[in-house]
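So the protein lines, in turn, are chains A and B. Taking this note's numbering, the leading residue of the first sequence gets 50, the next gets one more, and so forth. Taking this note's numbering, the leading residue of the second sequence gets 869, the next gets one more, and so forth.
There are no misleading hints in this set.
Here chain A is said to cover these stretches of chain B; the calculated rule only asks that three of the stretch's residues, wherever they fall, bring their Cβ under 8 Å from a Cβ of chain A:
1. 911-921
2. 928-935
Calculated lysine-lysine pairs in the BS3-like style (CA-CA distance at most 30 Å, straight line):
3. A:Lys322 <-> A:Lys93
4. A:Lys665 <-> B:Lys907
5. A:Lys230 <-> A:Lys279
6. A:Lys105 <-> A:Lys129
7. B:Lys895 <-> A:Lys583
8. B:Lys874 <-> A:Lys548
9. B:Lys874 <-> A:Lys583
10. A:Lys662 <-> B:Lys907
11. A:Lys200 <-> A:Lys171
12. A:Lys105 <-> A:Lys153
13. A:Lys450 <-> B:Lys907
14. A:Lys384 <-> B:Lys907
15. A:Lys153 <-> A:Lys129
16. A:Lys63 <-> A:Lys665
17. A:Lys290 <-> A:Lys171
18. B:Lys907 <-> A:Lys440
19. A:Lys662 <-> A:Lys361
20. A:Lys521 <-> A:Lys583
It is worth saying that the hints were derived from the structure and are not from the lab. Source: prediction; values computed, not measured. Beta carbons: idealized from backbone N, C-alpha and C, even for Gly.
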Amino acid sequence: MIVKMSKVRMVGPKECSDNVLNVIQQLGCMQIERFEEEIESPEKRYHVTKKEITEKVYLEEFKQNIEELLSYLPEVEVRKSYINPVNVLDFLKNLVGKHKEHCKHIKEDINNLKQNLSSLEKHRSFLTAFEDIATEDYRLLSSDAVGLILKDKKYLGTLNSLVEEITDNAYEVFTRILDDKSIAVIYVFDERFTEPVRKKLSMENVKEYQFPEELESKSFFQKLAYLSDKIKNLENEISAKENELHNFAVRWLPVYQSVLNWINARLKLISAKNIIYETKYCFVIFGWLPSRDLEKLKNAISDHCLEEIDIKELEITQADLNRIPVMLHNSTYFKPFSLFTSFLPLPSYTSFDPTIFIGIFLPIFFGMILGDMGYGITILIISLAMIFLSKPDTTVSDAGKIFSVCAVYTIIFGFLYGEFFGSFGRHAFGLEPILVDREEEILTTAYLAVSIGVFHVLLGFVLNGISSIRSKNLKSLGTSIAMTVLIAVSVVLFVVLFKGEEGLLSMSLIWIIVGLTIVLTILGGLIAPLEILKSMGNIISYVRIMAIGLASVMLAHVTNMLSGKVGNIFLGIFIAVLLHLLNLLLGVFSPTIHSLRLNYVEFFGKFLESEGKGFKLLKK
Amino acid sequence: MEIVWKAFAAALAIGIPALATAWAQSKIGAAGAGALAEKPELRGTIIILVAIPETMVILGFVVASLLLFG
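Bound-form chain A, shown alone (with noise of 0.2 Å):
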């Protein structure tokens, strides 16, 4: 629901600005704003100080320090300081130039050696894949070899060619595919061909594999050992850095965040001082809080020793209407459904939170499609777990927790229609439906989901016009009342045409809408007539809580049918735990979709006002 808020505005002693701005960021329960038309001749804007002004750049160099720091250290999970700020503030100013260079420097070392670590891992790797060639002993005496990395195998024919060319034959070719799924080919040869093969190789623009210069000279097993050595000793220094760093976060950044939030905190603070009003010995402050944090503030400002203080709840006039900011709270129950509304505007503050009738009609709506007690029971196990096995306030448990609800009406209704994974029920337990048979009395499902889609519709009018009251819009409420009337009078004339009772009455009831329709056009223009046409599509948009059941029903039947007809018990179960199983999952996904769209497009259309302002708290 959309919490009460209240007006207020806050005057005391110029020198207690600074006080009464720190007890309500204490609090973070007011949004301080400025109300031009409430001030009077000798209130004006509060004049920043050359010594705020001082402080405030002071204080974003100090943050812009801190966080570069910040960057260059881990995340570790440190202990809370209980170190005073404002005490270390100095101290730390001074200090914050010099650790940011030494981690940075530590940080670039880091990165240095990290860079040389993933070359030489390159090149063993690259040396690893022909371990097994290099063991031949003829091959590391009188041979030479020349490598080379393809990134594809097509163009191993063409190199080849020209090696044999040069060799006469006379070479071996091996290829081994990298972890970078690139080829790495090595040609061996006798030694005398190493120069005409690297000439060819160069002429044709092939690059050679190149070692770094400490290996050229070395022999293939003495490469390999020097790259495991020198690639052990580089892992060794990243981890030594690493580790000096560490430990530099769990020592300083538990001071440093603390000294980070209360900078914050204070910046805020001096920020919020250009919204405020002053007199040559007063100060004034306008804002908005809960109504039921106003006592909180007044206790909150008598303790802290500020009595001269005097806090006003002003009235709230036709222009606040519009920026009174807005703030949603749901009980327990309907919190998790913001699941649904939270990509939703913020309704205007005269309007309702949307979170409440989601909460309400969904699980509802839900429950008339899907009406099924096995799959109930089923969906209600598997939200259950979705609850108790993930931690609480996640998107998991709110989900677990919404499907629930949902599953309990899905079981209800079930009960209702007589099903229990469709005519299971029937045949094994003799259940009979009590409301409707669906698999049956088609139309009789389709006028209750209409009947449905008439309340809603027309409920959403009446929201609407509650809506009007209460930001006093008199056409709106007479649009609200007309549109109400007429569409009531619209299913009262159809239900006595469809009974074929043609006369007087139908004949009156054809006026009054005639008449109404005329009310609506001088209200709301020549669209209004068209939002008639508009609302009865929506009315009979509510069809599709019969038309989705029964293609659930009807899916739940063939699946009983076929596993019944298979002829053996086993893949019989098979076949219906499967069948059951999808029809499960699209119960599921589609009844959600089409609950919400009715939600969103069909009711929430006729009464939800989207333009509410986000409550934007001073707090720490």
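Assemble chain B onto chain A, guided by the hints.
Okay, now just chain B, sitting in the frame of chain A:
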């Protein structure tokens, strides 16, 4: 013969809107997927947009039901 015409009319009543809905949803879905890649916060709006053309097939279904059972 009348029942054949009724069944044919019902098939048209649901078939044509179903094709229209499918065409509209394919266009909206493709555009929506593109929009989601850039602005994931639009997912709610896109779900609504994709579901909107389904009204056509629902209305077709109502007409078909009335033709067959009404």
